Structure formats: C-alpha cells, structure tokens
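Enquirer: Assemble the complex: chain A is given as a structure, and chains B and C must be docked to it using the hints.
Chains as they are written, first to last, in the working numbering: chain A, 6 to 281; chain B, 90 to 594; chain C, 928 to 1244.
Simulated from the structure, these hints should not be mistaken for lab results. None of these values were measured; they are calculated from a predicted model. Treat the hints loosely; a few may be bogus.
Unchecked claim - Below, computed lysine to aspartate or glutamate pairings styled on EDC-like, alpha-carbon distance capped at 20 Å:
1) A:K105 with C:D939
2) B:K120 with C:D1103
3) B:K212 with C:D988
4) B:K212 with C:D1136
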Amino acid sequence: MIPFLKQNRLLSFAFGFVVLQVLLAGFAPLLAPYDPFNQVMAERMQGPSMLHWLGTDQLGRDVLARILFGYRTSLLTCGTAVLIALVLGGTLGMLAAYYKGWFDRIVMRLMDVLFAFPILLLAIGIIAILGPSTWSAAFAIAIVYTPIFARLLRGPALVICESEYAMGARAIGASDARIIFAHILPNLSSVLLVQTSLLLSAAILVEASLSFLGLGAQPPVPSLGLMLSEGRNFLMLSPWPAIFAGFAILFLSFGFNLLGDALRDTLDPRLRGQEA
Amino acid sequence: MTMRKIGGAQALAAAGLLAGTLAAAADNGGKLQIAIDSAPAGLDPHLITAFNSVVVVQNTIYEGLTAIDQDLSVVPGLAENWEVSDDGLTYTFTLAEGVTFHDGSEFTAEDVAASIERVQAEKTGSPLASRVSPIIETEIVGPNEIVFKLEEPFAPILSSLATIAIVPSEYEDDVDSLQQEPVGTGPFAFSEWQPNSYIELTRFEDYREDGKPHLDAARFNFVPESATRQVGIQAGDYHLLPGLDPATALQLQGQPNVTVQETRDLSYTLIGMNTTREPFDKAEVRTAFNMLLDRQEIIDGALFGAGIPAGPLSPALVNWALDASEFACYETDREGAMEMLEEAGVETPVKLTMNVLPRQDTRDIAQIVQQQVAGAFEIELLNQEIGQFVQDWRNSDFDLFVSANGGSPDPDEYFYRTFYGGGSTNVFGYDDSSVDELLDAGRREREYADRKSIYDQLQRKLACEGPIAHLAYGNLYTAVSDEVDGFEIYANMRLRSLADVTLAQ
Amino acid sequence: MQSRFILNRLVDLLFVLFGVSIVVFLMIRLIPGDAVAIMLGANTDITPERVAELRARLGLDQPFYMQYLDWIGGIFRGDFGTSVWTGRPVATEIAAHVWPTLELTLLSVLVGAGLSIPIGCFMAEARGRSSEVAVRIGAIAGLTIPSFWLGIVSIFLVSKLLPGVSALGYVPFTEDPLGNLQRMILPVIALSLPMLANLSRLVRSAMLDALGQDYIRTARAKGAGHRRLIYKHALRNALIPFITSVGVLTGYMLGGAIVVEQVFAIPGLGRLVLGAISERNYPLVQATILVMTFAFVFVNFLVDLLYAVIDPRVARK
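Bound-form chain A, shown alone (with noise of 0.2 Å):
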C-alpha cells in the first residue's frame, strides 16, 4: 500500500486522516485529559475553555474524553461487525458460487430476504429480540451487512470459478478449500478492501443512529451517538457536547469513506464511478 501513498495525494490524506482518528482512540486511555467516567458536578455544561478544551456534559464530564472513548466504542462495535458479516456474508457468497445449484439459490434467495428491509429498519427489529446494548447494535449491524457482502463476492467468485486457472487447479486436485483461499480470495482483495473501508463508513453512520435513537450504547458508556441524543435534551442550554458528538461521527465516517473512494480510483479504476 505504501508505494499507492506516494503517487496519490488524496489517498494519502485520508489515509492519514482515518490512522490519526484509530490512534486517538487506540490511545485514548493515554490522552484523554479527565477520566470519561468523572462526574464533577460543579463543571456541570460548560463551553470549551482551558481546563475542558471541548466542554463539558450534563454531569459535568469532560467532552474531550468521553469522545475520545466514544471514538473507541464506534470502532471497535463497527469493526467487529464489518468484520463478522465480511467473513459470513463473504464465506456464504463465495460458498455460494463455488457449489451453484441448489446451496447457491437457497443461501442468495435468503440473503434477499435480508437485503429487502431497509436497513436501520432491520437493525431496530433485531435490537428489539435482544435488547438496546453495544454488542446488540453490532451484531444487528453484522446481520444488515452480511447480505451485501455476500452478494458482492459471488459475482467476482462466479467467474473466478469459472476461469482456467481455478479449473486448473481443481484438475491438478486441489481441494475446495484450497482454491477458494489461494486462488479466489486473493483475486477479490481489493473491492473487499474498497468495499469493507466504505461499509465501515456506514456502519458508523448505523451505529450512532441507533445509538441515538437510545437502541445501541447504554449509559454512561461514552458514546458518540448516544452524547448527541442526550446533548439535545439540554441542547438550549448547552450545545457543545452534541455540537462536537456530531463532528466526530462526520469525522470518523469521512474518513472511512474518503479512504474507500480514493482506494477504488488507485486499485481499479474500473471501478470509478459505481457508486456502494
């Protein structure tokens, strides 16, 4: 990837952009100025000042380091659930299309059905069986994306399969499991590294929505979209936390977009133009 940096200007940047934004929150912990966790009333829903440089919240916690963790709650639920519905939804598609037949109509005819409800709709249905938490907004976001993964690898997957060299290899008596990771997989890294950066950047999205809808992070964990929901109940009085929640879901989405956009036009610039 670093020979890609040097020849592109914005790809470098957003790449920069979105490693600066992993290791705020990567190294929280080390630079949040106040624990996230510290009420002092006395500090209750001041603007940014010297002493709390983004203000403070309705309990009088320090803005600054609530998004810094909060930073850290989006990550890592959005990535664990990018990740979980990369590796089923992706396992499914290319199963799918390595098998044909009656696996292959039976698992996209289901993804289908998942890929009909609009998205936060589904999400809010299956927060609703297992209860507003983190891990519940990110399994929820799991089961939303598996159905674009899996349809994104079967396409690509199909005509791999079909070529001469995965033919090749099965003649040579390769084993299934062999052709997909050595000879499938390796072909499809980069719309899987284009795809999985823009999905993130949505997911994101997805998370604070449903944070903010009061279905995903609970308090007090720090998180961004449930600052903003709360920061607008007093948001007369105070706008800064939900002012700055919102600046740093923009940011994180951004971030995770622009890198998605500018890795379509540098790996395959076939790609340009067809919009996720």
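Expert: Structure of chains B and C alone, referenced to chain A:
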C-alpha cells in the same frame, strides 16, 4: 348543541368538526394550541396512569364528585355538598342538578354508582381500584342523592374521589370504547384524535357552569422534541406547554411573550430496594445507602437544579409533610455509611444491578448515584425498555431500581399500598408489623392532629429504613403564551383552569 | 424474452415478500416482554383472568403458526388487524401516517435528484482544476454527515437566529399548505443530502465517461455547441445508472426517514413504528414494517423493470 354518539371514529370526527364550526360561529373564543411530548396511551379515565393521558382527559373531559384545588384541598365537583356520619362510615353526596354528559344523556346518581363499580370491577383492572376499595356499598337515594357505605373509616376517601371520573352508566361493562372516545361531563368534549399528530377537544355547550368554557376548542399537539416545543411557543404556534422539562423551562424563563408558571411537583424520583434480597434485607444497609447519597448533587445534575430533596411525602402536602432536614440519614456521610455496612457484616463493595426507567432524568440520576455509592456498592446499570422495566418491577425482579412515581394529595393513598405488608404496589417485599399497625391506625383516625402524629412517625421510619430512598421532588413547569389569560398551574398536573382560559385574538 | 424476464422477477419478488413476512412475524414474536404486560402498565390490581382475557383477544394464546396464518389470511382480505392501544384498524393507523412520510420522501427525492444533475455537471466541468478535490470532499461529506445531527443543529440555529419563524413541527398540507412546506424545508435538506451527494458523484463520473467516448468527440469535431453536447449525449448515457441509483437510494431514504421524522416530529411511518415497538403493539409493528419493506422491495422491482425497458439487453442476460 348536543352530540349524539353515532359510533365509528369517522362519524364522530365529522360531528366534532361540525361542532367546531358551529361553536365558532356562536362565540369567537378561539382554539387553544397545547403541545405535549407524546400521544396518550389511551383516554379511559379509569385505566390511564400516564401524564399525557391524565392531562388530556382529567378535569377537561371528565369530572369527579370532588375536585382538588390549587392548594390541594378538596372542593366540590359533581357533588355540590356532602355529609359524613359521626362514625365515618356513611357519606351522603348531593349531586349537581341539570348536568348532562357530552352524548346528551342526563347525569344521575346511577352514573355515579356505575362508575364506582366500574373502577372496582376486576374485569376493568383499574389502577385506581384501591382508592375506592373501602366503599362496600352504594345506595341511590334519589336521582341527585347517593350514599357510600364504608367498611371502616377511610379518611382519604374525599380526595380519592377527585381522581374517579364519572362516566355514563352504559359504559360500566365496556372497557374498550372510552379508550378512544371518551364521554364525560367536563367543560370540553372529545372531538378528534389524529394518531401521532393531535387530539382535539371542543367546547361543551351544555356545560353545568354557565358561560364556561370560553374557548371554542383545545388541541393537544404531540411534539416530541423539547426544542421544537420551545421554538413553537415563541413563534406563536403553541399557547401552552404543560409538563415542561426543567432544561426547556430554564431556557424559556425571561423570554418575551412567554410566562413560565411553576409549582412543586407531587411526583418524585426514587430508588427502590428489594428487601427480599441481600444485602437490602437489612434495615441498616438501607440506611447506609441513604447516607451515601448526595441529594443536592442529584438535583443539580439530573434536574438542572430545579427541585428539592425528597422525604416520603411531598412538601406540596403542606399539612402532612416533614421537612427533609428532619431525616438524619439525609446528611451525606460516607464514613458513617461504611462503618454501618461493616457493622452489618456486609462485605464491600457489593456487586448489584440497578434497573433504570427509560427517562432522561432517571438515566442521569442512575449515573450520578452509581458514582456516589461507588466503593460501597458496585452498581451495574440496566437501561431497560419500559415494558421490561414494568415487568421486572411487577415481578419484584430487581436488586435496585430507579424510577419516578406520581404522588397523591393524601398520605394514606401512597403509603398504604406501597409499604403495607403485601400491599398492592409493595414490590419490595417490605414487611414490618409496626409500620402495618401505624398504617391501619392512620386509616381509622379522623382527627387531623392524631393522623398527623401517626404519619410523622411513619415518615421518620420510612425515610431511612424503608425500602425506598426518596430522592427529589422536581418542579412542575408550564409555559404559557402571553395571549393566554386565566391559566393556573395545578400541582396534580390537571388542566383544571382550562375552563377559565381566554385567548387574546 | 421480455415477459419471461418479468415473470422471473415476479417469482423472485413473491419469494422475497413471503420471506419478509416470515422474518417480520418471527422478529416481533421474539421480542421479550409482551403487549399485555405493557398494556396493563404499572397497574397492580390486575387479575390473571384479565391478563388471559387480553391475551386471548390479541390472539397471543394461539400457537405461532396459527397466529401467522391468521395474520396473513387477514392481510389478503385487507385486514391488517387492530391496533392494541387505540382499538382502530391497523390499516387506518397506517393510512393516517403514510402521507407525511410520502411527502417527505418525495420532496427529498425531487430535491436530491433534481439538484444532482447541475451539481454533477459542474463537478465534471471542474475536473482537473484545483477545485476538484474540494468538490469531491464536499460530496463525501454530504454522504457521511449524520442526518439527525444536521437536524438537531438546524433546530438549534433556527431557535437562536429565527425564534419567530414556524420552521419546526408539522401541520398537515390540507390544513395549511404554506405552513406545511415551510416546515418541510429543514427535514428535506437533512434527508436529501446523502442522495444529492451520491447522485452528483454519479452524474459527474458518467459525464466524464461520456466525454471520453468516441461519439462525443465526433460530435464535438462536427462543431456542436459544447453545452448542448454535454447535456444531450452524456446525460442520456447516464440515464440508466442514474435511475437505478434513484431507485435504490429512495429505498434507503425510507430508512433515513425514521430518524429524521423522530428529530423533526413528523407523524410518519417511522415514528409510528418506533412508538409501536416501544409499546409492543404487535399488530401495528408488524404491519408497519411489512408495509415499509414492501414499499422498498416494490421500488426496487420497478427500477428493475424500468431498467429492462430502457436497456433491453438487461432482460436478455
């Protein structure tokens, strides 16, 4: 004009629309735009408990035999006057004459008897049943006279009756219709319900008080965002915001064209402790828990400073309530609490869970309390959905819960069902024979001074050793546009003054 | 060929709809805590008989498959059941909430799709200039800005800067057309932004592709006017991906509308479904999710058909 109930929502809506137009032609009183945060869950006065239902129907569409005045004293309602026998077992009510229901039928003693029986009936499942359970017999003496016989003296009966709406006798066995299409004797008649949008009431032309109400109509708009309500009243879209949250009220205070009225709330926030589970089975642990709390900090953090520390009775009950400063355990004392826990043989920190009612103030309270008791109690917050919360509450399936309760104007009404061993809302498993004895005595006694001393003892005991840590009484706010004249806020949240309201055109 | 394609798609559609109805039905049944518990609220004077009676009335005492058959059978007769709380037919409740959502979505599609063409063309023309990166970043920001945050910030700004303007809340169009549109401005901006950003990028790349095509170069060589050339040839070329995207994005908008309706207090299907979930109003929740999902599926089905009409090669694949 009279409105015959035709049946079917559309027919009624059409009739309501017609009523609205005709009334507008008769007297140009205008339509009052009220904004509340969500739609009521139903409108049957004997089934509802939620603020949004109560505010729409009680004292607007419905009236009781008695009413509660602004100072929480009992005044006449549909009953013009009453007599109590010396033994306190017989109440004779003389009913107002010439009163009609919104459907045109005449109001008589039969409707009163039917309403009481409707609330008492198991089939109805009314949450108000315990308020009239002491009435063992109703006797219709004449169309305008009815006698209630009590099993034993029950002093709070008159204030309880204010909460029992009188419905036409034909609804005695019908527990469905009134939820959507209420029919009462109040100054306003139900006309239209647009789901998720608004409920509209129109002036009842045959209201028993001549010349009232002044308004043609009152519309309750459902507006969930407090910012939207706030902007709406400033922009002139709404005239009245009842049940306003403190943050919005603070913001509206001092704004042009708007007055914020406030009064002490009867309802309060609380933490419930399960006395059938360790360690809250020990009274000392419950006291220690109280000592760890800093109520002022809770009020500052969760109620935006708008409230006062709560004893078991609201200070709005001026005749009954003891000041919170009289309870020793309300003094925050960490060391004392830790010592007490150690003496009780409790190994700290105790790991517990706390169920949280899904409301912003209770969620904030939960987070503050979690921090205040840390060290002694390690609390995991369970932010539940309302359904789960209620289910666990009813099944006594909790270590701790944080919640909000509506209060009542008479101490017995709250204490008896909550603290009596096996009482109907005693979900804590609290069982103390000395408390039970005092509660029974409080019901029998009719002399104020004697009752007062009984409830003083109860308050002192329950404040620190009871299964409930009472946290705070908030302030009730109503924002009133300057175009509105004659509105007065009531501590029991009823819009009783709506009949007197006029609107500047 | 064409009719066979449509038939195939119809079979797919029916299967998906069947699957969706099963998923919706099961989803609702798996939610812990039931309508009866909530309906009776914090009410303690209830008897087991009353609970049983209510359960029976809601059909909750039947086995799952009977409940499902009853429900589906009812739908075929146009009966979606009865709302637990208001006692009205679910179909009436949904009908009362369809219009705000429909209006919001349609206006947002019009704004999003309408503005994307000039903006996309502008972006294509800006290619290679230093402003290109800015335009591109702007488009991605439009995609990733949380709509509910945009809503909250605009509510805040309106209340601070224009406290006397009725820009929030909702009034029915039939009651006050102007007031209705005035209050739709902010929610439509919040909801249409992602579509606008998405389509603008699409128009831009389609234009760039088209500009590189031989026939455009030929037309240009023939001396056709620059602007006319772009619009006539290039836009026709972009039509198919554009229509497809509008269809897909309209579906996503139905999801986005849930949040926007919540923020702006618009009494649409999104608020209906959120409210119904929290009160465990089974009949209402399942019917609303079903209707919204069917709308989503149906829009995509239409897009497929349209696609086949515009480009018959698709049907032959």
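Enquirer: Give a verdict on every hint.
Expert: Cross-check of the supplied hints:
1. A:K105 with C:D939: Cα-Cα ~18 Å, so holds.
2. B:K120 with C:D1103: Distance of about 15 Å is within 20 Å: holds.
3. B:K212 with C:D988: Holds, because 19 Å separates the two Cα atoms, which is no more than 20 Å.
4. B:K212 with C:D1136: Given pair K212 of chain B, D1136 of chain C is violated - Cα atoms ~72 Å apart, limit 20 Å.
Checked against the numbered hints listed earlier, the structure breaks hint 4 alone; every other hint is satisfied.
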